[in-house]
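Enquirer: Use these hints to put chains B and C with the ligands onto chain A, whose structure you have.
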Amino acid sequence: MKNQIKFVQGNEACVEAALYAGLDFFAGYPITPSTEIAEHMAVRLPQIGGKFLQMEDEIASLCAIIGASLTGNKVMTATSGPGFSLMQEALGYAIMTEIPCVIVNVQRGGPSTGLPTHASQGDINQARWGTHGDHAIIALTASNHQDLFTITVEAFNLAETYRTPVLLMLDEITGHMRERLHIPKPGQIPIVSRLKTSVKQGVDYHPYLPREDGRLPMSDFGGIHRYNVTGLFHDMWGFPTDNPQIVHGLLRHLLDKIGNNVHLIAKYKEFYLEDATTILVSYGSSARSALHLVNNRRNRGERLGLLELQTLWPFPYGIVREKCANARHVLVVEMNMGQILREVKIAVEDPEKVFLANRVDGMFITPTDIRNILRLIQGKGV
Amino acid sequence: MGKPKLKKLHIRQEWCKGCGICVHFCPEKVLELDDKDKAFAARPQDCICCKLCELRCPDLAIDVETEDE
Amino acid sequence: MAIKDYLRERFFPHMWCPGCGHGTVLNSMLRAIENLALEKNDVVMVSGIGCSARISGYVDFHTLHTIHGRALAFATGVKMSRPDLNLIVPMGDGDALAIGGNHFIHAARRNIDITAIIMNNRIYGMTGGQFSPLTGYGKLATTSPYTNIDHAFDTVSLAIAAGASFVARTTTYHAKQMTDIIQKAIQHKGFSVVEVLTQCPTYFGRKNKEGGAAEMMENYKNITTPIGSKASRENPDLIERGIFVEKEMPEYCSEYNKIIQKAVKGK
Ligand code: SF4
Ligand code: SF4
Ligand code: SF4
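Residue numbers (our numbering), protein chains in the order written: chain A, 1 to 382; chain B, 1001 to 1069; chain C, 2001 to 2267.
Incorrect hints may appear among the rest.
[Claimed, not checked] Here are the simulated distance ranges between beta carbons:
id : chain 1 : residue 1 : chain 2 : residue 2 : range
1  : A       : S193      : C       : Q2261     : 22 to 30 angstroms
2  : B       : P1044     : C       : I2223     : 27 to 35 angstroms
3  : C       : N2035     : A       : L195      : 32 to 40 angstroms
[Stated by the list, open to error] Beyond 12 angstroms from chain A on every Cβ pair, some chain C residues (computed):
id : residue
4  : C2017
5  : N2035
6  : T2063
7  : T2076
8  : I2099
9  : P2145
10 : N2148
11 : D2154
12 : I2160
13 : T2202
14 : R2206
15 : N2208
16 : K2209
17 : Y2220
18 : A2231
19 : K2265
Everything labelled a hint here was simulated from the structure, so no lab data went into it. The C-beta atom is built at its ideal place from N, Cα and C for all residues, glycine as well.
With the rest of the complex left out, here is chain A (with noise of 0.2 angstroms):
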């Protein structure tokens, strides 16, 4: 077996990790700082059979992508902010017609085209909100490339379970980082594949009556069950209707079958909680200064933790809230301003506690930075 110690690129970590969970179909359009997983993809896709495409822009590499997972095949599409911006309205079609993806998104600066080759984690809240009706989301990240690899994975396999669109929220630090990966044996992460159904030829198949588990068992499209799929309400053969009743229904599956899983879904890290009295909670690459901090800190008799989230949505209020029950303060790193701060106000007890730490200049997130706004919280000036 070939060397499995890599060092490479967040964004090539993220390629190798796809392929691991089984990637067949890439779709994607040049942008910074995503363009290096395209590139890695039209690479390594081909070489095992798997196919590549570059497409005019990035709603049609989502819609792309959307029609090859249709078929049967893992799919994968990445971007960033701007790129993300306009794979909003196919997102709602793929989370309305229950089609697995996996979308990355390597955070810039914004809005608009903002700061292409720096860091943000600006799109948070576009993850959640970005495509309009009601919907649920999965939103992962991780601060490392050995994380990045297992979380990417996981990214396919929620997608997988939940027959749902998975958003991948790297941010360019991340992307453009180069660091060390140990690429896992084939089996050592598991790999959820697609649900197949088993409702033979000829027999009537429901494509859109979930299991009592809430789970779709899908027939390859193309395959020996002919079915619509369509982006307006549909009942369980997949054909519009504005039946209220169906219409609730629908709704309520969507909504419920992510909702109702958040323990499920919910991955993150924990460093020194126990007996933390200030609680640094953040994310992706912020997360590294944080942790950085804390470590630092640790060293001279600080009592602080870090919480590192990895699933963003659907938000684990429950998991937050037990993790900073016992801190007196609670500070939230991120670079943007304040988008994960505000739903850890909702989650705990007392929103007072909750403060933030950021940077929306386009520069990365420093220990010090973090340091000095700690300082002012517990009264001892910057």
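Expert: Okay, now just chains B and C with the ligands, sitting in the frame of chain A:
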């Protein structure tokens, strides 16, 4: 092959929307609309089985059945 | 198989207005598929949004009703994963050439084996009669109440310029020709474009005083002529119909298979 002979002109009343396309273009003026604006074969004996009505009907309501079918 | 066997009869009568040309396109298309004796499981129909897009709901194939303008992008994903399937993408003129214009030219450029049928009624029907990119200068619509100053695309020239390897035009009046052309388009290996002039009596016809469905079809007879006909030479205002382009070119899925072979070898 001789000229096809009409067996029956089937018009699905519940599908016909009375657009009049078949009536307008029938070369032999076989078809008419009834008082409920549904097409019917008023002069089936004149039908030359060209099937133009069947091909053009936007509601797929017409089936020209010939003797050889 | 009779064409009725390709229908999802339980949804009939369909939702289109009396005399809407879209029904005739459905009619001719099913005859083309019947003539080719295609298996229902081997046909995928992908559509976007609009009156035209509802066609996919009525046929018993694998049907994918997508979002406005993007049908070809979805179809590209399906075709690339399953090159063995027949992909048919019926689109309205606004769907295909306004919001979907970019996808249209790029699908044509790639020469991916998809049959694109542009049902050109020169109007947005579903939203109530706004002008489309094919309405044309001097016409009336709810959003061009004084007169339309937007010039229309020539779908055929556009498709040819974009690189489609099969390009044809016909009308709902010429239903036999339509069946024949769609049949050839499906058989053609590469990106095929069939523009069908199809009447919207409800909006385009009424707004522009073109009469009812039958009069509008009568008009198609009068304003069109076979490609290269004597009439066409004498009167350049006539719209030509027939097959403009039918050429062999490397098809996208086949080309990508060669990429795979190269990549697997070089690994
Ligand atoms: S063409 Fe069809 S829908 Fe129209 S009147 Fe004749 S039968 Fe009826
Ligand atoms: S088959 Fe021809 S002649 Fe007979 S009713 Fe139809 S259009 Fe008229
Ligand atoms: S509005 Fe026009 S295009 Fe739409 S169904 Fe009616 S006639 Fe056809």
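Enquirer: Hint numbers the structure violates, sorted upward?
Expert: Result: hints 6, 7, 8, 19 break, sorted rising.
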